[in-house]
Each structure stands twice: as C-alpha cells, then as structure tokens.
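J.: Given next are the chains, with one letter for each unit.
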Amino acid sequence: MVLSEFAGVSMPDWIDALLRVVFIVALMTINAFALIYLERKILARLQARVGPTRTGPIGTLQSIADALKLVTKEDVRPITADRWAFELAPYMAFVPVFLVFVPIPFTETWFIRDLNLGLLYVFGVLGLNIVGVVMAAWGSDNKYALLGGVRAAAQAISYEIPMLLIIVAVVMVAAGRLAVDGDASMAGSINAIVGDQTTTPYILLQPLGFVIFMIGALAELHRPPFDMPIAESEVVGGYFVEYSGMRWGLFFLAEYTALFLMVMLASSIFLGGWNWPFGADVGLGLQIVLTLVKTSVMIVLVIGSRALFPRLRIDQLMAFSWKVLLPFAIVQVIANGIILAYGGADWVVGLVSFALLAALFGLIYQLMRQRKGEGARTVSTTPATPRVITAPDVTPVEAGGD
Amino acid sequence: MTTRSSSVTAEPAGSEPGPGSIADLYREVFPLISIDAALDKGGDVALTIPSDAIHEVLERGRSDERLQMNLLRNQTAVDWEDRGLELVYHLYSIPLRQAVAIKAWVPTEGAVVESVADLYQMADWAERECREMFGIEFIGHPDPRNLLLDEDIDIHPLRKSHPLAPIEMEQGVDVEFFTKQHPPPEPEEEAEEAAPAAAAPTRKRVEDMTEAEREERRAEQAERVARARELAKVRRAERLAGAPPAGGPRPEGAAPPPTPAPAAATEAPSAETAPSAPPRDDRPPAPPPPELPSIPDAEEDPEGRAAAQAERVRLGRELAAARRAQLRGE
Amino acid sequence: MVQRTFEGEVLTEPVVVEREFETVDMNINIGPQHPATHGVFRMVLTVDGEIVKDAIPYIGYMHRGGEKLSENLDYRGALGYQDRTDYLAAFNSEWVYVNAVERLAGVEIPERAEYVRLILAEFNRLLSHFMFMGAFGTDVGYFGTAFTWTFKERERIQDLFEAVCGDRIMYNYFRVGGLAWDPHETFVEDSHWVLDQVETGIGDVDELMTDNEVFVARCRDVGVMSAEDAISFGVTGPMLRASGVPFDLRVDEPYSIYDRFHWEIPVGERGDVYDRYLVRLEEMRQSVTILRQALDQMPTSGPIMPERMPARLRPEPGEIYMRQENPRGEYGIYMVSDGTDQPWRVKMRSPCFHNLSSLKPQVIGGYLADAVVALGSIDIVLCEVDR
Chain A
1 MVLSEFAGVS
11 MPDWIDALLR
21 VVFIVALMTI
31 NAFALIYLER
41 KILARLQARV
51 GPTRTGPIGT
61 LQSIADALKL
71 VTKEDVRPIT
81 ADRWAFELAP
91 YMAFVPVFLV
101 FVPIPFTETW
111 FIRDLNLGLL
121 YVFGVLGLNI
131 VGVVMAAWGS
141 DNKYALLGGV
151 RAAAQAISYE
161 IPMLLIIVAV
171 VMVAAGRLAV
181 DGDASMAGSI
191 NAIVGDQTTT
201 PYILLQPLGF
211 VIFMIGALAE
221 LHRPPFDMPI
231 AESEVVGGYF
241 VEYSGMRWGL
251 FFLAEYTALF
261 LMVMLASSIF
271 LGGWNWPFGA
281 DVGLGLQIVL
291 TLVKTSVMIV
301 LVIGSRALFP
311 RLRIDQLMAF
321 SWKVLLPFAI
331 VQVIANGIIL
341 AYGGADWVVG
351 LVSFALLAAL
361 FGLIYQLMRQ
371 RKGEGARTVS
381 TTPATPRVIT
391 APDVTPVEAG
401 GD
Chain B
1 MTTRSSSVTA
11 EPAGSEPGPG
21 SIADLYREVF
31 PLISIDAALD
41 KGGDVALTIP
51 SDAIHEVLER
61 GRSDERLQMN
71 LLRNQTAVDW
81 EDRGLELVYH
91 LYSIPLRQAV
101 AIKAWVPTEG
111 AVVESVADLY
121 QMADWAEREC
131 REMFGIEFIG
141 HPDPRNLLLD
151 EDIDIHPLRK
161 SHPLAPIEME
171 QGVDVEFFTK
181 QHPPPEPEEE
191 AEEAAPAAAA
201 PTRKRVEDMT
211 EAEREERRAE
221 QAERVARARE
231 LAKVRRAERL
241 AGAPPAGGPR
251 PEGAAPPPTP
261 APAAATEAPS
271 AETAPSAPPR
281 DDRPPAPPPP
291 ELPSIPDAEE
301 DPEGRAAAQA
311 ERVRLGRELA
321 AARRAQLRGE
Chain C
1 MVQRTFEGEV
11 LTEPVVVERE
21 FETVDMNINI
31 GPQHPATHGV
41 FRMVLTVDGE
51 IVKDAIPYIG
61 YMHRGGEKLS
71 ENLDYRGALG
81 YQDRTDYLAA
91 FNSEWVYVNA
101 VERLAGVEIP
111 ERAEYVRLIL
121 AEFNRLLSHF
131 MFMGAFGTDV
141 GYFGTAFTWT
151 FKERERIQDL
161 FEAVCGDRIM
171 YNYFRVGGLA
181 WDPHETFVED
191 SHWVLDQVET
201 GIGDVDELMT
211 DNEVFVARCR
221 DVGVMSAEDA
231 ISFGVTGPML
241 RASGVPFDLR
251 VDEPYSIYDR
261 FHWEIPVGER
271 GDVYDRYLVR
281 LEEMRQSVTI
291 LRQALDQMPT
301 SGPIMPERMP
311 ARLRPEPGEI
321 YMRQENPRGE
331 YGIYMVSDGT
341 DQPWRVKMRS
351 PCFHNLSSLK
361 PQVIGGYLAD
371 AVVALGSIDI
381 VLCEVDR
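Chains as they are written, first to last, in this note's numbering: chain A, 1 to 402; chain B, 1 to 330; chain C, 1 to 387.
Source of the hints: derived by calculation from the structure; they are not laboratory data. No residue lacks a Cβ here, since even glycine has one placed at the ideal position from N, Cα and C.
No more than 35 Å apart at the CA atoms, straight line, and that leaves these computed lysine-lysine pairs for DSBU-like:
#1 C:Lys68 <-> B:Lys103
#2 C:Lys360 <-> A:Lys143
#3 C:Lys53 <-> A:Lys143
#4 B:Lys103 <-> C:Lys360
#5 A:Lys323 <-> C:Lys360
#6 C:Lys152 <-> A:Lys69
#7 C:Lys360 <-> B:Lys160
#8 A:Lys73 <-> A:Lys143
#9 A:Lys69 <-> A:Lys143
#10 C:Lys152 <-> A:Lys41
#11 A:Lys323 <-> C:Lys53
#12 C:Lys360 <-> C:Lys53
#13 C:Lys68 <-> B:Lys160
#14 C:Lys152 <-> A:Lys73
#15 A:Lys143 <-> A:Lys41
Taking CB as the label site, the calculated pair distances span:
#16 B:Ala307 <-> C:Gly106: 21 to 31 Å
#17 C:Asn72 <-> B:Ala325: 16 to 26 Å
#18 C:Val24 <-> A:Val289: 53 to 63 Å
#19 C:Lys53 <-> A:Gly362: 31 to 41 Å
Assemble the whole structure, with the sequences as input and the hints as a guide.
T.: Structure follows, in structure tokens:
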C-alpha cells in the first residue's frame with residue numbers, strides 16, 4: 001500500500017509486501033550509519049570532546065569510513081572455533097531483529113503487515129536474537145566470549161519477563177479502551193494501540209510500564225548500565241571478542257537496528273507513535289515526522305545514558321530484575337485487572353500506576369542510601385602527639401548482597 | 001623517631017644512638033640477644049642481631065606493647081661481597097610512631113633464614129623477591145617461587161658477583177647462538193640448495209606450510225633452544241669452576257667467555273663476509289684476572305679501606321676497557 | 001543404631017551418594033594484555049561461573065633491574081630511573097631520591113627550592129589522583145566519560161609542568177641540592193590559575209561519580225580490607241587510610257616543610273573500594289589547600305642550588321632509608337654508600353608492590369567484575385611494581 005497510496009500505482013499484494021521489506025532493510029542499514037554517527041557525536045559532546053570531524057563535513061561520513069574499513073578487514077576465524085556456530089552466529093543475531101519490523105507502524109497505514117498478535121510476535125521473534133549471541137559465545141571457543149554470552153542469555157531471560165508482563169498490562173488497558181469504541185480483539189496489534197492514543201498517550205495511563213519497559217529495553221540492548229555482556233574492562237568485548245571484519249559489523253548492525261526498534265516500540269506503545277498529542281489530526285506526511293521525532297528524542301536519551309552510567313554487576317542486574325522490577329510488574333498487572341474488572345475510569349488506572357512508579361523510585365532511593373552509608377570522614381592532623389589507633393569497626397560483608 | 005626538618009644534619013656513620021632511644025628498648029625486651037646499635041644518616045636506629053633470632057625479634061617486637069612494630073615497611077638485603085649478605089628489615093610502629101631497622105648477617109652462599117611471612121603478610125612477596133635476587137632461602141615461606149624474574153631462572157642478579165656486562169650470557173642468552181641465525185648459509189647448505197630444486201625454499205611462511213613441515217620446524221626450533229640451553233649451562237659451569245670462594249668478587253677471568261665478534265651479527269649477511277669473519281681463536285686472549293686487594297674493615301682501617309676500594313675501582317675500569325676492546329675484536 | 005544382620009553378615013547402611021550436576025571451575029587469564037590491568041599485570045582467576053575462587057597474580061613483566069642499574073651509575077646519573085618507576089608521580093619519586101642522596105651527602109637545600117619541590121610534588125599528586133579517577137571510572141564502566149573529564153584537568157597540570165621543566169611526563173627536574181633551573185617567571189600565577197581549574201574539575205568528578213547510584217552499587221562493600229590486614233600487607237597511602245588508619249608520612253614522619261601547612265587527613269571507615277575513592281577525592285581537595293598555602297608562602301626569589309656543590313658526590317660510608325608519601329603510598333629509597341661515587345645498594349620500596357600483594361584476599365569470594373574494580377582501586381603503576 002505504500003506505493004498505491006503515494007503514487008497511485010496498484011500492484012499485487014505480495015509485490016507490495018516485498019517492496020516494503022526491501023525498503024525497511026535499506027532504511028535500517030542507513031539508519032545504523034546515522035545512529036553510529038549520532039552516538040559518536042553525542043558521546044563526544046558529553047565527554048568534553050568533539051568527536052569525528054575529519055571525514056566529510058563535520059565528520060558525517062565517518063560511519064561510511066568505518067563500514068569501508070570493516071568490509072576490507074580480514075575475516076579471522078580462530079582455529080579452534082566451532083566453524084558453523086561461529087560463522088552463522090552473526091546472521092542468527094541479525095535476522096530476527098529485522099523480522100521484528102513487520103508489525104511496527106511508521107504511520108497509520110505504513111507498515112509491512114498489521115498483525116493481530118503484533119506484540120506477541122515482536123517479543124517472540126526478538127527472543128531469537130539471543131540464540132545468535134549464545135552461538136557466537138560458544139562457537140568462538142574463548143572464555144571471555146563464553147562468559148559474555150552466558151551473561152547475555154541470563155540478562156535476556158531476566159528482563160524479558162518484566163517487559164512482557166508490562167506489555168500484558170498495557171494490552172489490558174488497550175483492550176478495555178478498544179472495547180468501547182473499537183474491536184477489543186485487536187488489542188495485541190501495535191497499530192491499533194497507537195490508534196487508540198489519539199487523545200491520551202499511554203505513558204499517562206501506564207507510567208510505571210513505560211519506565212520498566214525502557215529499563216528492560218536498555219538491558220535487552222546491552223546498553224549501559226546493563227552492558228556486562230560486552231563489558232570491555234571485564235570480558236573484553238564479550239561474545240564478539242573473536243569477531244572481526246564484516247561479521248563483527250553484522251553484530252553492530254543488529255545492535256543499532258535493535259536500538260532503533262526498541263525505541264520505536266516504546267514510542268509507539270507509550271508515546272502515541274504517529275499521533276499528534278491530544279487529538280490534533282495531521283496528514284500522513286507529518287505522521288512519519290512525528291514518529292521519527294519521538295523516536296529520536298528517546299534515542300538521544302538512550303545514548304546519553306551510555307556516557308553517564310557505569311556498569312552494574314551481573315548479580316545486581318539479576319536482583320534488580322527479579323526482586324524489584326518483576327514484583328512491580330506483577331502488581332501493575334493485578335491492579336489493572338482489578339480496576340478494569342470493576343470498570344474503573346482511565347484516570348484511576350493512571351493514578352495507581354503513578355503511585356506504583358513513585359513507590360519504585362522510593363524503593364530504589366532507599367536501597368541506594370542504605371548501600372552508600374556514611375561518607376568518608378575527615379580527621380585533622382595532629383603532627384606532634386602520638387595517637388593510639390583503635391581498630392575500626394569493619395563488618396564483614398557477604399559477597400554480592402544487594 | 002626524631003622530627004625531620006628540611007635542613008640536614010648528617011650524623012657520622014656507625015655512631016651509637018643516644019640513651020633512651022629505641023635500641024635501649026630492644027635491649028630491654030631481648031636481654032639474651034646480642035644487639036649492636038647504630039644510627040643511620042636519617043636518624044633511624046639500626047640494630048644488628050644474629051640471623052637466627054630474626055623471627056623471634058620480629059615476633060616479639062610486633063606483640064610487645066612497648067614496641068608495637070606492626071608495619072614491616074621494607075625488607076631487603078645488601079651484598080657486602082666477602083663479608084656476606086646483610087638482611088635488612090625496616091619496621092615501623094604506627095601507634096607509637098617509632099621506626100627501627102633490624103639487620104642480620106648471613107653468608108652469601110647457602111644462607112638460610114626463618115621466614116617472617118607468618119607474622120607480616122607483606123613478607124610473602126618481599127621474601128620472594130629477596131630470594132630470587134640474593135639467593136637467600138626462607139624456611140617456612142608459603143610460596144617460594146620467583147616473583148619478578150622468570151620462573152625457571154635461578155640466578156641472583158642483585159649480588160655483586162653478577163656484573164651488568166655479560167648479564168645476557170648469565171641468563172642463558174647465548175650470543176653465539178643468535179649470531180649464527182643470521183649469517184649467510186654455510187657452504188654445505190649452499191651445496192644442498194644448488195642441488196635439484198626439489199629442496200624446499202629455506203624461508204617459507206608458517207601458514208603456507210603443511211602439517212609435516214610445521215612439525216619439522218617445531219622440532220628444529222626445539223633443538224635450537226635445547227642447544228642454546230646446553231651451551232649456556234656449559235658456560236655457567238665454566239664460570240662457576242673458575243670462581244674464587246664464596247663471597248669473592250666477580251670471577252673476571254671466566255667472565256668473558258669466548259664471545260663471537262658482534263660485528264659479524266650486524267654486518268649484512270653477504271656471502272663474502274662470513275668466511276672473512278675472524279675465527280674466535282685469533283682474537284687476543286682474555287686479560288688475566290687481576291689480583292684484587294681485599295677490603296679491610298671500615299672501623300679497623302678506614303684509609304686502607306678507601307685505598308683498597310679506589311684500587312678495585314681502577315682495576316675494574318681497566319678490566320672493563322680490556323673487555324670492550326676484546327669484544328670489538330681489537 | 002540397630003545392627004541388622006543377614007545370614008551372619010552385618011548389613012551396613014547403604015551409602016547414598018548425592019550427585020549434583022557436575023561443574024568445572026574455569027581458569028581465566030586476565031592480562032598481561034587486558035584493558036583492566038593498567039599495564040602488563042597478569043592474574044589467573046579460577047572462577048566458578050562468575051564467582052572468583054582463586055587468584056594468582058603474576059608480576060615482573062616490566063622488571064628492568066632499576067636497582068641494579070642505579071648501583072652502576074653515579075649518584076646523579078641514577079636520578080632518571082626515578083621518573084621511570086612511578087611515571088604518574090615522577091616528581092614525588094624524584095624527590096625521594098634526591099632527598100635520600102642529600103641526607104647521605106649532607107647537602108643543604110635552599111628554601112625556595114624546597115618550596116618549588118613541594119609544590120610540584122603536590123601538583124603531581126593531583127595529577128596522579130586525576131588519572132586514578134579516570135582509570136577507575138573506566139574500570140567501573142563509565143564509557144570514557146570519567147577519563148575525558150579528568151584528563152581535561154590533568155592536561156592543565158601537565159601544561160604547567162611543561163612550562164616549568166620542559167617535559168610532560170619524564171621531568172628529571174630535581175637535582176641533588178636543589179633544582180635544575182628556576183621555574184618560569186609566572187609560575188605562581190599560573191599555578192593559581194591551574195588550581196582554580198583543578199578545583200572545578202574535582203567538583204565535576206564529584207558530581208559525576210560520587211552520588212551515582214550505579215557507581216555506589218558497584219563500589220560499596222567491594223574489596224573490603226580490615227585495618228589489621230592492610231597493615232600486615234604493608235599497604236600504605238590512600239588504601240591504608242581508607243581502611244581507617246590515619247597514617248600519612250607527611251604527618252607521622254614529617255619531612256620537608258609539611259609542618260608549615262594546615263590540612264587534614266581523610267580517613268575511610270569501611271576499607272572498601274568506595275572509601276578508597278572518597279579518600280582520594282578528599283585528598284585532592286587537601287592537596288589544593290596545601291598548594292594554596294605553599295604558593296602564598298613561597299619566597300619570590302632566592303637561590304635554587306647551594307652555593308657550593310661538589311663536582312662528584314662521594315658521601316661518607318653510611319646508609320639511609322628515606323621514605324615519603326607518594327600518591328600511592330610510602331615510597332622509600334634505601335641507599336647504602338661505601339664512600340665511592342656510586343651507591344653500593346639502592347633499594348626502591350614501591351608502594352604499589354605491597355598494595356598489589358593485598359589483592360588476592362580482596363578478590364577471592366567476590367564476583368569477576370569486582371576483581372576488576374578492586375584491582376582498579378589499588379591504582380597500580382606496573383613500572384613501579386616491577387621496577
């Protein structure tokens with residue numbers, strides 16, 4: 001329908017679908033280039049640097065140069081690597097990410113296919129991504145890679161559960177709203193969810209959901225503070241430590257595409273996607289702009305987090321997911337169920353979610369304050385008199401308690 | 001510990017510390033151990049004790065409440081050649097702010113001292129370093145491996161009998177071996193190569209080799225290494241055989257083993273230079289080891305000591321010049 | 001217990017062997033080439049999943065025999081090796097060496113030279129601690145932010161050093177008896193300006209790291225070392241003070257002119273990585289305090305070398321153990337003279353060597369990621385460890 005709408009050409013459905021797929025793949029490749037440049041520049045500004053300046057005007061061609069370098073680089077395979085696992089892994093990580101773009105709406109009518117179970121499809125297919133990562137980790141025959149891959153797998157499992165629960169909560173709200181003026185059976189379709197946010201973006205109804213979704217997305221994307229699978233100072237790059245050349249490039253293409261995808265998903269589900277805020281009606285042309293603007297803002301936030309956060313430890317990450325995020329997600333689902341079952345209004349849903357969000361932040365703050373304890377005290381010098389030092393009160397600490 | 005100011009007042013070496021110093025405290029705590037005290041130039045007290053009392057002195061010094069020497073800040077040794085090795089422990093009491101150095105004499109060869117790693121965990125690494133650098137064995141050390149040096153090296157570089165110049169040879173790096181790798185092929189090899197082209201090219205990249213060739217290469221390398229080690233061992237035995245009794249100065253006569261002229265290594269590997277390189281035996285023989293004067297004790301004969309040292313320095317310089325000349329092939 | 005018999009034989013209880021899923025500990029070789037080892041340090045970790053079971057540190061990759069080389073040079077010639085031991089605090093190391101030689105030879109130092117030395121050494125402490133903040137931030141997982149922010153200020157200090165002595169890392173500026181030459185004319189004004197920048201920089205680092213929740217989560221209660229253990233390991237410097245022992249050679253065994261200034265020693269409570277960070281951060285502020293006072297007190301003119309210096313130094317036979325507070329701890333030079341113009345024995349007591357030896361107990365039982373953080377908090381300089 002892309003061309004039929006914009007150019008007035010009619011064609012068979014399958015050709016139309018094929019064109020859309022080609023369009024998405026091409027767009028995402030260019031998008032990865034743009035994102036890499038953006039990331040370098042934003043990080044540079046946050047780190048008191050200027051970033052790339054030499055390639056092209058203000059360094060805009062830097063990504064092209066990087067890509068050329070990657071393509072011309074030797075593709076090294078360790079002699080002890082498991083050949084098939086090693087060589088197939090980049091594709092296994094790369095293909096699912098592109099498959100996920102099928103139900104993502106760029107405008108009201110601009111998607112590859114609108115799926116009834118769109119959200120389920122997204123998470124089902126995206127989960128395959130980790131297979132490639134684990135294959136890379138195992139196939140490299142490298143201990144750092146193995147550690148990184150196992151970390152990535154553990155992390156993916158831990159963070160998909162609260163994310164999925166939050167999606168359930170969102171779908172509950174969407175089904176309730178769609179039942180009023182639409183078809184509640186379409187509540188799993190992303191486009192239907194976006195279409196429902198003409199007046200109220202879901203971030204107002206499910207703020208806790210938005211926060212948990214974004215935290216989960218950071219973890220899925222291996223972005224700081226959740227980048228231990230690829231932690232440079234610990235596992236030296238993690239699962240792609242043995243990769244070079246274009247295979248490494250494929251991992252990065254997958255990573256940046258996944259970044260765009262996750263952020264796009266968040267902006268569709270929570271920020272209203274192609275909707276103008278509060279019900280203003282704009283044409284299709286502006287819808288794509290709106291989508292991209294919302295996505296870009298979120299991308300800048302995600303990239304900025306890389307400069308401002310150190311890395312959590314793997315057990316802290318797990319504890320945060322299972323002990324904090326998961327209970328909150330479950331409570332959110334239960335609360336939504338109760339409120340919607342008794343026919344509560346939208347503002348009640350939003351208020352409860354806000355309260356839960358406040359509780360989440362309060363809990364995190366409390367935990368951190370407990371952990372930090374007292375700061376360093378200072379003592380004044382007494383150079384002339386000898387002093388007797390009593391042993392300080394140091395309590396042994398269990399490893400890894402959070 | 002006296003308070004130090006920026007202006008330095010140098011105390012004469014070996015002077016007895018005044019009354020009330022930490023030396024008296026130590027003598028009070030250890031009445032049965034003979035303790036010689038001296039002030040060093042920083043105003044610290046250095047106590048010399050018998051080497052078999054080190055562990056006891058450090059242990060009681062740590063627990064005794066008048067001393068409370070809880071920080072072993074430094075441990076090392078000094079090689080005094082014919083007088084043996086002097087072990088030094090620098091101790092400090094953080095609560096009482098007093099510093100002391102404990103010293104003990106041990107023989108150069110075969111010194112055995114009780115380890116203090118059970119008192120101060122710091123001594124774990126310090127004694128490992130001391131062991132590899134001076135060859136002092138510490139009884140009861142939990143992990144007596146080499147620390148800074150390679151694990152299978154058993155030379156003691158900080159001893160005075162280990163001079164700087166032929167260190168490479170002492171370490172088993174055979175100069176002759178390395179120069180042999182680079183000169184042009186010897187006649188018989190040339191003959192082999194002149195024969196049918198079936199002979200494999202001498203230089204082939206490792207990745208182009210077949211498995212058999214790799215095996216061969218490995219074997220060849222292993223053989224070379226073994227040969228080098230063998231040579232180094234022989235050299236070492238030669239030097240040791242020619243060495244004067246323990247603690248003596250470096251055995252100069254044995255030091256310059258038949259070294260090939262380094263010029264041969266640096267020259268371009270052209271066919272003409274190889275035969276023209278002077279054979280070893282043509283070079284002047286190693287200078288005979290000069291008779292070194294023994295150093296008298298500082299307390300008995302200070303002038304004689306200074307003179308003897310000056311004489312030794314002069315002889316050492318001459319020897320070094322001769323050695324350099326020999327290495328140049330003059 | 002009732003014994004059961006069957007046809008005369010005593011039946012024993014069947015032995016139940018509980019079989020778990022068998023796991024194998026993995027050896028991970030961290031270093032000598034690894035982003036977190038700050039040089040060529042190697043540690044073989046035995047890990048059970050992510051938990052470290054055993055750690056074997058290997059050092060010596062940078063061993064150049066600096067002690068032996070110093071024994072074969074004259075007293076002034078060996079000064080250059082001091083720059084190359086602790087290259088992040090070269091002024092401090094040089095200072096210890098020249099102080100040792102001066103005491104051994106009984107040389108008086110002019111007051112102005114003493115002030116310049118102290119100022120440069122304290123600036124070098126700042127520089128070294130800035131480097132620590134950056135490298136440690138990277139170990140904890142800041143993607144370069146900590147590094148670039150701290151390097152901004154470090155550059156300014158290095159610019160100042162370059163103006164004073166013409167080099168940015170290997171200064172070789174102190175001489176036995178004083179200084180190589182007078183600092184440039186605007187030294188005091190430049191120093192004040194740099195101090196202003198540095199104070200801002202310290203504030204930046206503070207805001208970036210100290211209260212960051214993730215940073216706190218990673219550093220608190222990691223690599224805990226009790227005061228007794230720290231002393232037993234010979235740990236000195238900020239690490240010892242973080243364990244709660246207010247031991248600072250500038251106060252406990254005052255050298256130079258430190259008794260003319262007022263400042264405070266920061267002391268930690270828990271002895272963990274976070275305390276080490278906080279102690280160093282506070283130490284930077286105290287260094288700024290010392291520097292301000294020293295710059296105000298410094299004589300504006302005067303000699304920088306004694307009137308008469310012997311052409312060749314031949315100290316009387318004797319020995320000295322000179323120790324001073326380097327950014328990493330107690331740096332000592334044990335020097336023995338035999339009356340000639342070459343030292344008979346030079347021993348460098350490097351703080352990192354002993355601080356690093358305390359790594360093993362800090363690492364065992366923790367996570368793999370904690371091992372990296374604990375190693376980073378020691379602030380090692382491998383050149384100094386191996387000498």
